[in-house]
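Fit chain W to the supplied structure of chain U, relying on the hints for placement.
The listed protein sequences correspond, in order, to chains U and W.
Under this note's numbering, the first residue of the first sequence carries the number 164, and numbering increases by one thereafter.
Under this note's numbering, the first residue of the second sequence carries the number 164, and numbering increases by one thereafter.
Each hint should be verified, as a subset may be incorrect.
No distinction is drawn between identical chains; accordingly, a pair holds when it is met within one copy or between any pair of copies.
To be verified - Straight-line distance between alpha carbons at most 25 Å, and here's what the computed PhoX-like set of lysine-lysine pairs gives:
| # | residue 1 | residue 2 |
| --- | --- | --- |
| 1 | K434 | K457 |
| 2 | K381 | K457 |
| 3 | K251 | K457 |
| 4 | K183 | K165 |
| 5 | K457 | K183 |
| 6 | K381 | K251 |
| 7 | K434 | K183 |
Worth flagging that the hints you see were computed from the coordinates, not collected in a lab.
2 protein chains.
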Amino acid sequence: MKALRAGIAGLGTVGAGTVKLLADNAAAIAARAGRPIVVTAVAARDRTRDRGIDLAGIAWHEDAAALAADPRVDVVVELIGGAEGTAKALVEAALAAGKPVVTANKALLAIHGTALGEAAAAAGVALAYEAAVAGGIPVIKTLREGLAANRVTRVAGILNGTCNYILTTMRETGRDFPEILAEAQALGYAEADPAFDIDGIDAAHKLAILAALAFGQKVDFGAVHIEGIRRISALDISFAEELGYRIKLLGLSRRTEAGVEMRVHPAMVPKQNLLAGVDGVYNAVLLEGDAAGKIFLQGRGAGAGPTASAVVADLIDIARGNTIPVWGAAPGALDAAPALPIARHFGAYFMRLMVLDRPGVLADVTGILRDHGISLESMLQHGRNQSASVPIVLVTHETTEAAITGAVARISALPAVLEPPALIRIEPN
Amino acid sequence: MKALRAGIAGLGTVGAGTVKLLADNAAAIAARAGRPIVVTAVAARDRTRDRGIDLAGIAWHEDAAALAADPRVDVVVELIGGAEGTAKALVEAALAAGKPVVTANKALLAIHGTALGEAAAAAGVALAYEAAVAGGIPVIKTLREGLAANRVTRVAGILNGTCNYILTTMRETGRDFPEILAEAQALGYAEADPAFDIDGIDAAHKLAILAALAFGQKVDFGAVHIEGIRRISALDISFAEELGYRIKLLGLSRRTEAGVEMRVHPAMVPKQNLLAGVDGVYNAVLLEGDAAGKIFLQGRGAGAGPTASAVVADLIDIARGNTIPVWGAAPGALDAAPALPIARHFGAYFMRLMVLDRPGVLADVTGILRDHGISLESMLQHGRNQSASVPIVLVTHETTEAAITGAVARISALPAVLEPPALIRIEPN
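Bound-form chain U, shown alone (with noise of 0.2 Å):
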């Protein structure tokens, strides 16, 4: 059978493990493909740039456009990155020209997904992005497919590696954020310029799509409320020890009849939870459909090979034919369930105060709760300390956000209480 020819954009280190995936493992590619598939051509700038593959009799273009018009090319595969520019040009240019398109643009998809699902489904084409969502995990097929008879009633994940990492790292030497960061950094676990992962971007991009595809929504980004890691200290992932949580950023999304919520914030886990347990740079994802239960993946979130894996097993379903909706069902089958503003989240918090330690400032705190309607779990002070500060923490009941944030507006103007307090909600079991 005739070879699928694939023209690769973007020569980075997921682009170059995509030839060297395609090269290295032909034979069995092209036996569970029905055909071989061979890259034909690709785009990238530097031409004298040694990638280590090899690129003997692949066309090559400076301008990525170029390949959405290359009869060479049965198949684009977007490698570049970013929801603009150069990228978003060539998906909508390959879409236009009937080709399919294969690519690991988070942001494109979260921003764009909507018009581009029905740009390849005017087409008639497949946009797939496996790669898009947490590496070699294969959860948008997992969603898309093999819980396509549920009614996903919930999705959390752990979606971004290098939050992972610094909040791991962080627990287990006990150190502060600035620190773990820079060494993270210096370990290429962190770019140079880090806010696109820790300010929680990356991970909402990520969330984005996956919500659209659990609840058949279109994809809304803009609806996502978001939070990065930057105000977790070291003493909250120890109070977190304490009450038996782990601290991780998550991203949250969950379909109740008053809509959908999507937020990405540091969250607290309760210890016997799976997420709480995924560790460094690995990414993991908890669904809950209503047939299947609880379904946990865990895998490698980043890198060449988990993302060419990923790349790579979207263009065997190309070869082979099968192509899905690009949101699982067709343009004019998504829902539009309204999506819930974080101001209506309902759960529990963990709130720690650097308070004086003098009488009366724990009456004041815990009469501000009552106040707001809210109730106590538990509380935790350790040690006495009259001349500075001393940290509290407590733990609410189930309560609303508007209360929550009223109770904290009022608490942090109190005199005694020295600093913002932190405040994180506990996501349920």
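Chain W only, in chain U's frame:
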């Protein structure tokens, strides 16, 4: 678009669950499948039994084979079970009639999978079996599609919920096997005739399927080495804890240069291994690919909901027109690496002896191990009891199955060794 019309053979828990799931989630399933999936015919013996499902307007056959010929049926769903007889005849007849088949029948696939795969390929239709292994966990899809770009190197799974429930309860209660088995039977977690589960046959059927997919081989149930859990004692479970292990019934398959090993047996799993934490009736699979690295999947391995979830996912794939070769590649492209006999196994071992507490016993035992070239990593002996037997636990370094078997034969023959040694393979992390 025209509905996909399913004929369901077998209306036990899973069959009734499938009818119910197709009805309950009909709208979402139609959106994802691109067309409605409707049950037009069923086959079961007892027409009077109340199964809690609405069968109005659905044709009833007493003879399952009639579903293959029924012109109202586009796809046959075989949920009868058993490797021979009615189930096999129905699947063969459906494929011969050019109808795709969905089945949850692991015994049938493990034993007759090669011939059935050839029949499906000849007819050009799907034979789908996600529900045959690990219930609601999409492990077939993960191996056959998600990891299709990888050379898989290792499969390790907890594939039988009954055994895992029994071993978990033995550990939690400290009680012995016969007692916990009786309790599991009373609770409905174990069958009245439990042999199929506790002797490892069910897990071996599933492992044979996974190994075939992982390594691109013809399925070869006969080559699986099988040991069940009857001989596991509370004493060994408690020693395992002390040494940092959990005892799990594992299905294990590895591909080495010499061939493919397939084995089902109780194993000592290091506590830091993800499989060690899988308790109760859960199933889990650890897969290792050369590109993706380690991927871990956990979920419910049985029950009406999870199994129906997998059956309907297969129906949705068929409704979408997506067909994957039964064994991941065309029959002619399947590999035939030799199966390695258990005698070729190489690994560490846990050995527990019951000995008379008298001088010289340990010297005799360690002398025999030395004669067989086996070195020790550690030894445990608790307490003394000069009038009765005491347990001695030996943990070996890696050695061959042949060497350890030879040593055990000689150790068993020592006068001071009072019962046959308990020998449990240790699985590396």
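Do the hints match the structure? See the list:
1. K434 with K457: both (17 Å within a copy, 22 Å between copies)
2. K381 with K457: within (24 Å within a copy, 32 Å between copies)
3. K251 with K457: Cα proximity of K251 and K457: none, with 35 Å in one copy and 32 Å across.
4. K183 with K165: within (21 Å within a copy, 43 Å between copies)
5. K457 with K183: Between copies, since 19 Å is at most 25 Å while 36 Å is not.
6. K381 with K251: For K381 and K251, the Cα distance is within 25 Å only inside one copy (18 Å; across copies 43 Å).
7. K434 with K183: Classified as neither; 39 Å inside a copy, 35 Å across copies.
Of the numbered hints listed earlier, those contradicted by the structure are 3, 7.
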